[in-house]
Structure formats: C-alpha cells, structure tokens
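With UniProt numbering applied, the sequence shown corresponds to residues 1 to 547, in that order.
Just so you know, nobody snuck in bad clues.
Subject to a maximum C-alpha distance of 27 Å in a straight line, what follows is the list of computed DSS-like cross-link-like pairs (lysine-lysine):
id, residue 1, residue 2
1, K34, K44
2, K376, K250
3, K34, K336
4, K44, K33
5, K336, K33
What the hints contain is simulated information worked out from the structure, not anything from laboratory work.
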Amino acid sequence: MKAVSKFVPAVSAALVILFLTAFAQSDLFFRIKKQLTIYSDVFKAVATSYVDEVEPETLTRLGLQGMLGGLDPYTVFIDEGELQQLEILSSGVYGGIGIEAGFRGDQVVIIAPLEGYPAERAGLQPGDVIEAVNGSSVTGFTPDEVQNLTIGDPGTTIEMTVRRPSIDQQITVTMERERIEVRNITYAGLTGDRNQIGYIKISRFGQRTAEELRGSLIELEEENELNGLILDLRNNPGGLLNEAVEVVDKFIEPGVSVVETRGRYDSRSAVYTSQEPALFENLPLVVLINNGSASASEVVAGALQDLDRAVILGENSFGKGLVQEVRPLSYNTSIKITVSEYYTPSGRGIQAVDYRDPGTDGSAIPDSLRRAFRTKNGRTVYDGMGIEPDVTLEREGNELLETALESENHFFFFVNEYLTSENRGERPEYPEDFYNQFSNYLQQRGFTFDTSADRYLESLTSNITQFSNQDDAREYIEELRALLRDQKISMIYDSRELIESELRAEWISQTLSGEDRLSEMLKYDYLITNAIEILSSPADYRSTLIP
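Using the sequences and the accompanying hints, generate a full structural model.
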C-alpha cells in the first residue's frame, strides 16, 4: 500500500509537467497562427490596394529582411540564386574560371588568377578591373556578387571584360568554365630546410578537412623527423563543426570533450568528444589565429588552448560562437538559422557580440561581464571575446599609417604599377631599393592620413574667429600643421620594417601563385618566425602552457 501511495504523487507530478508543457506548446502555436494571420492580411492589403503597384516578391523580401534583421547577422533567408553558393561552401566543388576577386577602392579587381585555370590561361592578371560579365556591367557589384556571376556548369562559356590600368585599355576574353575544387588545406610543408618544423595552412573547414590534415601530417612525418608543427588558421572563416572536432581529435587522446553546443531545446545541445587514438599526441603545436579566424576555427583553437595542447599565437579571433543549421523551405529556398552556441572544454563561450536583445545591432560584451575559466593546467582564460592568444605579437609601426596604406590599396597599386609598367619578364627580381621607390611614390601622390591631431587643428581653424588676434592664431596653426606633416613623414621611416614586410608580401602575391606563393610567404611572415622560435625552445614552449 505504501508503494502505491508513493507512486501516485510521482505520476501526478509527471502528468502536471506534461500538461503544462502541452499547454505552453499550444499557446505558442496559437500565437504563431495569430501573427501569421495578421501578417497575411497586411500583405494582401498592401499588394492589392497600395497606391503604387508593389511586386509580391519585393514585399516578401522586405518583410523577411525586417524580421530576420532584428535577430543576429547569421540568421538569413536564402533564395534560389544563393543556394548555389551555399552548395559550393559545403561541397567545395564548383564550375568556374578560377579567380580571386576583391575591392580595390570602389572597384572590383582580380586579386589573383588561380594557377592552371581558365582565367590564368586567358591572360587575366592581378589588378585587372572587372567591368562586365557576359556583356552586363558590374558597376556597384560586390566581389562576391561578381564571383557568383562566374559560376556555372563546367563546359559552359563566359565572357569577361576587364580594364588593365597599366595600358588603360579594355580587354574582353571568352573562357570555358571548368570544375574547380576549393582546397581545405592550401599548403603543407616545412618552414625551412634545417629546423624540421612543419607548417599546415587550413583555409576552410569543408568536407574531408580532417582526413586531408591526417594525410598531410603523415606525409610530413614520413619524410622528416618533425620537431613541431605550426597550424595556421588565420583568415579561416570556419565551416563544418564535425570537421573541426576531428581536426582536434588528431592531437588528443580519445574520450575528451572538444566542444559543447547549447541550444533552446535539448535536441540542439550536444557534447562532442574525441573518438580516435591520437596520431600526433606528443607533437609540439603552435596555432596561429587573427581576427579573421571564426566559428570552426575558434572551436579548434579554443579546444587546443583549454586542453593546454597548443600555444595560441597571434591576435584575438573574430568571436563567432553561434551555430547555424540550414533548413529547406518551399520553392527551392532555405533559411540559415542560429540554433545554439559553442562552448569550449573549460565551459567558456566564444561569442563576442551579444544579440540577445531583438531589434538591436548587438553590443560587445563589456570586460566587467567577462568570466574567468581555467584550462587543464590551471591557466586563466576568459569568455566573451573570441579566443585570446597565449602570446600576442605586434610589429613595429604605426597602426594609423598601416590602416591608411592598406585601405587605400597603396601596396597593391604600387607593386602592380611597377610590374606592368615595363616588360619585367616572368619572374622579376625583387628590387633592393623598393622601399625608397615606394616612399617616392607616396610623396608624388601627396599621401597623407588622418589623425586626432588633424581633427583638433581643423576644429581650431573653424573656430579661429574666437581669437582676438586671428593672424597670429593662423600662423601658429600653420606651424603646427607643418610640424604634423613632418611627424607623419617620420612615421613612414619609423615603420620601415612593417612597410617592407607588406611590400614583400604584395610582391610575392602578384608574382607567384599556388604553393610557390605560400612557400615564399613563409620566409617573411613575422608570426611564423616567432612560432618557429617558440617550437625551437622546449623550455619556452612548456613555460607558456604550464603556469
């Protein structure tokens, strides 16, 4: 009888929970139905009665933008035209001509034609300004929009019109699209002939990334006695979560938590653990990250940091700790929707911007709200700001100057102008006086950049009428302006190391392609140089990971 009396309350409690859950669900569905009815009525009224004719497709697009725009920037509607790009991201295979496009000023230019593909064979060059595709102007298009126009079935043709600045002439070429595979690992090799330190660049986490990494590492170890490995995740925007987990799996023992996802419902929450025996458990490891390392890249870096398995080197990562899934919708459309958040093995969140308040643009998580967590060895790490490196390095040079030179594309245009101004041959030598030539180039173009001192002087100038002796005030302001010009020139000379590094990188980018380009870049990359130093000193490596 006592057993029955204990059983009855338990059943009653379970029934109450089920009833409340069912009631909450039915209430939610009622509210959804109510709002859809209101939306449908408004849609019909505007589409049929508004003073000007409005296309239903336009109303739908605007409505979806308003609805999703108030959430986070990763929850988006995907129409029929954008599905193709999504398939490329997941499969890594598409039909195209093999170009990398980007902004230079407000123009879309060819950054690099991929070696061995139609664009290179057609003679297209870095710096060519893309003006039309298949006879239609691309003025006002973004680089992604232009690249989407080049995608199609292998064997189909495409006509592209470019303007070559060096000869100020339009060139139109017709090419046949080919099957192009987007590589997950763009380079694997040694950083030098003597140090026996491997380097692997992972550009994206597409299908088979972990398997490609495994093959590359085995090949490197068979040919060399590796003393360490540099895993480069800089500017890697992420990709497939399972591939990120399997990459970490190669360096840790089985049964260890790699990442946890937490969602609104239990079905969206999961703990991902390592499964296979570690192939490279004792190989010293340095991971390179920057503010272009996001999502799956941060999962890898965060796990290896929390487990004290690698030294993280570089700058703060992007801070994208939100997980999306793609759901198919009607009429060959889809929605990519945020369903959960990433948490590293220590329990810290990766997300750097809080979008929890609907209708706002999101806000950075303040330092006062960031929480401390502990790595496996007891080191302190913090949430709410992506992945912070264990070692932060900054090159000597002025940040304002560097930003101005890069934003105005002076490195690109100077190198491109030099290479195309004369017949330099297929493999021109890097000029010894290139820095001096670049300095002259900047002076000839009257290069300057804005500082807080400039803005202060402008404020003084605009308020000069408040001075009793305006002539003296103008004279002093001009003296200050001249002094500021001299200071800016000094900044250029003080930043010589940084400028020469950027010039060399741009030279390599425009004169080499494929693995040759990446191999040469390794010699002049200051982060890689520092990573080699860390891996070459077991004491420094251990002291970074053990507090």
